[in-house]
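According to UniProt numbering, the stretch in the sequence shown is residues 1 to 213, in order.
Read the hints as simulated data drawn from the structure, not as lab findings.
Note that the structure is a prediction, hence the values are computed from the model and not measured.
Accuracy of the hints is not assured; some may be wrong.
Calculated pairs, SDA-like style, for lysine to any residue (alpha carbon to alpha carbon, straight line, at most 20 angstroms) [what the hints assert, rightly or not]:
1. Lys7 to Ala60
2. Lys7 to Leu32
3. Lys184 to Ile153
4. Lys68 to Lys17
5. Lys19 to Ala29
6. Lys125 to Glu143
7. Lys137 to Met124
8. Lys125 to Thr145
9. Lys40 to Ala60
10. Lys125 to Ile196
11. Lys19 to Lys68
12. Lys185 to Cys168
13. Lys28 to Cys13
14. Lys125 to Glu44
15. Lys172 to Thr145
16. Lys19 to Ala60
17. Lys28 to Met1
18. Lys54 to Glu44
19. Lys19 to Lys40
20. Lys137 to Glu169
21. Lys137 to Lys172
22. Lys170 to Gln129
23. Lys40 to Leu5
24. Lys172 to Asn154
25. Lys28 to Glu18
26. Lys3 to Lys54
27. Lys172 to Ala188
28. Lys172 to Ile160
29. Lys17 to Gly42
30. Lys172 to Arg133
31. Lys137 to Ile153
32. Lys7 to Cys56
33. Lys137 to Val175
34. Lys3 to Asp16
35. Lys185 to Phe136
36. Lys125 to Glu18
37. Lys125 to Ile160
38. Lys172 to Gly161
39. Lys40 to Ser4
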Amino acid sequence: MDKSLLKSLLGLCQSDKEKECLRFAVFKASGLSSTQARAKFGLENMNLRAKNVKDCLILAQYIRTAIKTLAFTTDKAMLRSLGLSCGNEELSSESSDEESSDVLLNATVPLLSLLLTAFSLNDMKVIIQECQRNWFKIVEQLETTYGTQCSHINHLEESIGHLNISVCEKEKLRVSYEALLLNKKDQAASQREADIYNGEIVTESDSDDPDAF
């Protein structure tokens, strides 16, 4: 596999999702670092992109599980609405749930064991370097990649002390993080003032008004 062959294969993909999966497969199969993959295949920012694919795999698995559960529950409700039931309904239900779980587990454990890893210290270091130790950029990058409810933000902040970076870099991160917290505090205060002005929040003085409904 070389850069020209990969480019040809990417040209055969019918969607961006297929291209991303192909890049991910090549990156994982090569065993190269993100920097090496960029030099050999022209793959950019593969640590973050690989993490994004892994998160999508987890989400897809959750969705499949939810669909199976919903389908099973719907089938039971339909039978009951028709006045039908199985002799050993509870036993059948437990057996079906166990069989479904076994199938799900057997199908996903090998894949997850190969692809899913924790948000590593190396991942954190890459993000910090790419965002130039700017917490505003770090948060924007994580939320863009993993969503606004991304738990990696807190994980990263808690793990900075364990990263193999210089004291100067850690100090820049600390100052940037304090600026981020101050900015969030100011935004929250401004939002509260706006909500009070628009009547969406009732202040204590307003709530004590005897004529208030």
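List in ascending order the numbers of the hints, as given earlier, that are violated by the structure. 1, 4, 9, 10, 11, 12, 15, 26, 27, 32 and 36
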